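Visitor: Here is what each chain is made of, one letter per residue.
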Amino acid sequence: MKANKIQLIKPNGQLDIYYMKTNKFKTIAAGLIFQTPLSEEYLVERSLLTNLLTKRTKKHPSEKDFYLYLKDLYDTAISSQMSPRGLVLNVGFFANIIDDKFLGPKVDLFPKALAILNDVITDPVTVDGFFEDEAIKQEKKLLIDDLKSMYNNKALYANMQLIKNMFKDEKYRLNLLGDPTLVEQVTKESLKAAYEKMLASSAIGFVIGDVDEEDIKKAFEPFGFVTGPEEFSYLDLETTNRTEIQELKEEQKIAQSTLCLGYRTDIRIGDPLYQAMRVFNGMFGKYFHSELYKEIREKHSLAYYINSEYASRKGALFITSGINKDSYNKVLTLISNVLAAFQAGDLDEENFELTKKAIINNMIEAYDQQTGLYRELLFFIEQKAERKSLEERIKEIESVTKEEVIACSKNLRLDTIFFLEGTNGDEEYA
Amino acid sequence: MLKKIASKKYKETIFSTTLPNGLRVYLMPKAGFAKTYGLFVTNYGSLDNEFIPLDGQEFKKVPAGIAHFLEHKVFELEGDKDASNLFAQLGADANAYTSFTETAYLFSTTSNVLEATKLLLDFVQNPHFTEESVEAEVGIIEQELKMYMDQPGSALMQGGLQMMYKENTIRNDIGGTLQSIKEITYQDLLTCYQTFYHPGNMIFVLVGNFDVDAALKTISENQAGKTFPPFKPIKRRYYLENNQVYQTFGEKQMEVIIPRTSVNLKIGYENLNALEIIKRDFLLQLVGDIYFSRGSDFYQQLKKDGIINNSFSFTSAVHELFGFLTLSCDTLQYEEFNKRIKEKLLQIRTTQIPKEDFERMKKVQLARMIRLMNSLEFWANIIHEAGFKDLSPFAIIQALEELQYEDLHLIQGFFVEKAIAVYQIMPQGDLT
Chain A
44 MKANKIQLIK PNGQLDIYYM KTNKFKTIAA GLIFQTPLSE EYLVERSLLT
94 NLLTKRTKKH PSEKDFYLYL KDLYDTAISS QMSPRGLVLN VGFFANIIDD
144 KFLGPKVDLF PKALAILNDV ITDPVTVDGF FEDEAIKQEK KLLIDDLKSM
194 YNNKALYANM QLIKNMFKDE KYRLNLLGDP TLVEQVTKES LKAAYEKMLA
244 SSAIGFVIGD VDEEDIKKAF EPFGFVTGPE EFSYLDLETT NRTEIQELKE
294 EQKIAQSTLC LGYRTDIRIG DPLYQAMRVF NGMFGKYFHS ELYKEIREKH
344 SLAYYINSEY ASRKGALFIT SGINKDSYNK VLTLISNVLA AFQAGDLDEE
394 NFELTKKAII NNMIEAYDQQ TGLYRELLFF IEQKAERKSL EERIKEIESV
444 TKEEVIACSK NLRLDTIFFL EGTNGDEEYA
Chain B
2 MLKKIASKKY KETIFSTTLP NGLRVYLMPK AGFAKTYGLF VTNYGSLDNE
52 FIPLDGQEFK KVPAGIAHFL EHKVFELEGD KDASNLFAQL GADANAYTSF
102 TETAYLFSTT SNVLEATKLL LDFVQNPHFT EESVEAEVGI IEQELKMYMD
152 QPGSALMQGG LQMMYKENTI RNDIGGTLQS IKEITYQDLL TCYQTFYHPG
202 NMIFVLVGNF DVDAALKTIS ENQAGKTFPP FKPIKRRYYL ENNQVYQTFG
252 EKQMEVIIPR TSVNLKIGYE NLNALEIIKR DFLLQLVGDI YFSRGSDFYQ
302 QLKKDGIINN SFSFTSAVHE LFGFLTLSCD TLQYEEFNKR IKEKLLQIRT
352 TQIPKEDFER MKKVQLARMI RLMNSLEFWA NIIHEAGFKD LSPFAIIQAL
402 EELQYEDLHL IQGFFVEKAI AVYQIMPQGD LT
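As they're listed, the protein sequences go chains A and B.
Per the numbering used here, residue 44 is the first one in the first sequence, and the count goes up by one each step.
Per the numbering used here, residue 2 is the first one in the second sequence, and the count goes up by one each step.
Keep in mind that the hints were calculated from the coordinates and are not lab data.
Take the hints with a grain of salt, since some may be wrong.
[Unchecked claim] Think about it this way: if two alpha-carbon atoms lie no more than 25 Å apart in a straight line, the pair counts; the simulated DSS-like pairs of lysine-lysine are:
1) B:Lys167 with A:Lys102
2) A:Lys180 with B:Lys305
3) B:Lys364 with A:Lys67
4) B:Lys356 with A:Lys107
5) A:Lys235 with A:Lys144
6) B:Lys305 with A:Lys144
7) B:Lys340 with B:Lys167
8) A:Lys191 with A:Lys101
9) A:Lys235 with B:Lys305
10) A:Lys155 with B:Lys364
11) A:Lys101 with A:Lys184
12) B:Lys305 with A:Lys98
13) A:Lys67 with B:Lys305
The structure displayed is predicted, hence computed values, not measured ones.
Work out the full structure, taking the sequences as your base and the hints as a guide.
Guide: Now the structure itself:
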């Protein structure tokens, strides 16, 4: 399968635009990403900005009218999102539009959408350079409500508590959107400063879809952003040397308990054992045929779900499972036994083969979605050169050896356990 | 032989046929995609609790949650193996789900499409569960049910349905209850399987990167090699209701920080054909977009007054057997929310909806549909949903394209007081 070629376009010599041409989709995705080192400074402000900026512009100062204006443009979607990648924070502004050729009349959505994107970022509603008090107040409240409602998603809440405690002295904890009290502390001055800092940071643009190169150049030409020369650190090498495993518990009146385990590993993207680690994680707890699933769900009926997730930039692995509160010790023992088996060299042959196939299947499938292509694009940008071809990366997975997988399992160190204990008995649910 | 349906506008082609055993097959090649999505689905879901079994004369009633339980068991193969493993060997990813109206088994793969197709047909048509394995599954399903029970969203939806409906089986949780799953017997499962998993009651869809002729050959030969009793349309019993709600208010306490409330509007049963129902489904969604999205003055006012936040949501569904519209939000101002939403809903009945609002939101719905067309899963879904109604998928898209402003009167009558029920999830103890 041929992966799409990525072209670098520089319409005005300052801003790098990455264009991935494809006619697979009926939509076009485009955007602008600001990049800065991940830090606590202005983190909450940035989160507020992603919401403040995308709701209206000086040209359309009423939220309602801006919304209807976008809807009239065949549901052109303008959005913004913050995402940490290693020790880098990406603040992206995105436009997603219907490809004109599937609409009856000619509508020229692409240039219109890019112009709106530029306005959203550079022409917000301000008074003397500051965002309006009322707007700030409202966005703060909405963000606080969002943070509070995360409490209702028990598996998410449990994972958040694990991360908060495991990485309390490390930047990785900043992956959590924030503390309601920190939101309160934001002022219109700090917001203005954060906004100006964002505009001055290194930026890159992208387009994924079927668009003429000339149209891309024209649309991005007026963008006054600059792609800086900075080298960013997409790997997070921070760690804490813990002498004792943290074992934490919290009780809530819910039916199901959630068990979260956090492990550390030295193996990250770029490490010679990186692909082997992906295979290990797959065999351990990522798929239906994985050891954790087979042992804890199929063999012992102790869980409906148990997953392991590999944070490859951080050097960590997380296990999450929904269980009965009385199964805590049993499940911990079973997990420990499963890992010990790997470390002792006891690898299931079928699992090894199936996992490789599954990883390869996922890698190829990613190209069928715009989000998959977007991730490809980000990798390309980060590695500043043609990323290894899909075929090469598939070969790397295929050549992972059992010894390498065993080595990965030996490198895991259990760091923190968090147990969200549900104290409601079955009688409550008759 | 293969029938061809093409859309010049959307540049898509779908091939279909019905096999001698009754199985309807749809094949949709998608150029440029690496993956293929296969779906084998039965017209049997959690609503279908009372029916005349294949070999019976009388109506039989089964415990709630059985369709979902059966879905778990169908994955089981001879000798304690699991079908997902066999798919994994082909490099494919398999899964299944049960809804109110159907049970679906699916795979997604970038290689071995024909083998995966055969496997999907074979494992669904050849279940191997035993009395012991049925008992063992109870523990797993218990955990699954508990996971959903702790989710305020699920509890809110189920509570809302239970307020609106008195006897319609939609009030049962799709997975059943901790009690009802213990009442499911091996024999019950077998009866349900034999009745509803007959090819005449099922559809097979393939979307993506494959050769149409090769796929047809594989599927036809596979089915020709099996024997099924002659298919008779299945007699099902439903308790269809008018739009009078069963209870106007209900609530429950859960481990949440902020109360979550929902205002639900019940849509009563009307004897209409499939396209008429689909039309009403689109229209209701459209009206929701006009009044309850960020483009409405009503929404903006609610936000300004601190009554709603980002958790505010609107959902609606109009189906042959049920229909509802729900507005919900996590908010401390739940009483005011309930009051204002109710007032607004009743207003919609007599409002002269501006034509430009209609035209705009119609464009939006079309755009949404085009966006979804990027996904193979979307096509598999719309194809089989249309198939179960004896429609072509393009007919559904066309129904949307052909909506007229005058059609709004078809649904404005839905918005009456007796159809409204409120359901809330409240935090434990007192609100601080």
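Visitor: Decide, hint by hint, whether the structure agrees.
Guide: Results for each hint:
no.: 1; hint: B:Lys167 with A:Lys102; result: violated, 52 Å
no.: 2; hint: A:Lys180 with B:Lys305; result: holds, 10 Å
no.: 3; hint: B:Lys364 with A:Lys67; result: holds, 22 Å
no.: 4; hint: B:Lys356 with A:Lys107; result: holds, 18 Å
no.: 5; hint: A:Lys235 with A:Lys144; result: violated, 41 Å
no.: 6; hint: B:Lys305 with A:Lys144; result: violated, 39 Å
no.: 7; hint: B:Lys340 with B:Lys167; result: holds, 24 Å
no.: 8; hint: A:Lys191 with A:Lys101; result: violated, 31 Å
no.: 9; hint: A:Lys235 with B:Lys305; result: holds, 23 Å
no.: 10; hint: A:Lys155 with B:Lys364; result: holds, 17 Å
no.: 11; hint: A:Lys101 with A:Lys184; result: holds, 23 Å
no.: 12; hint: B:Lys305 with A:Lys98; result: holds, 14 Å
no.: 13; hint: A:Lys67 with B:Lys305; result: violated, 42 Å
Comparing the model with each earlier hint shows violations of hints 1, 5, 6, 8, 13; every other hint is respected.
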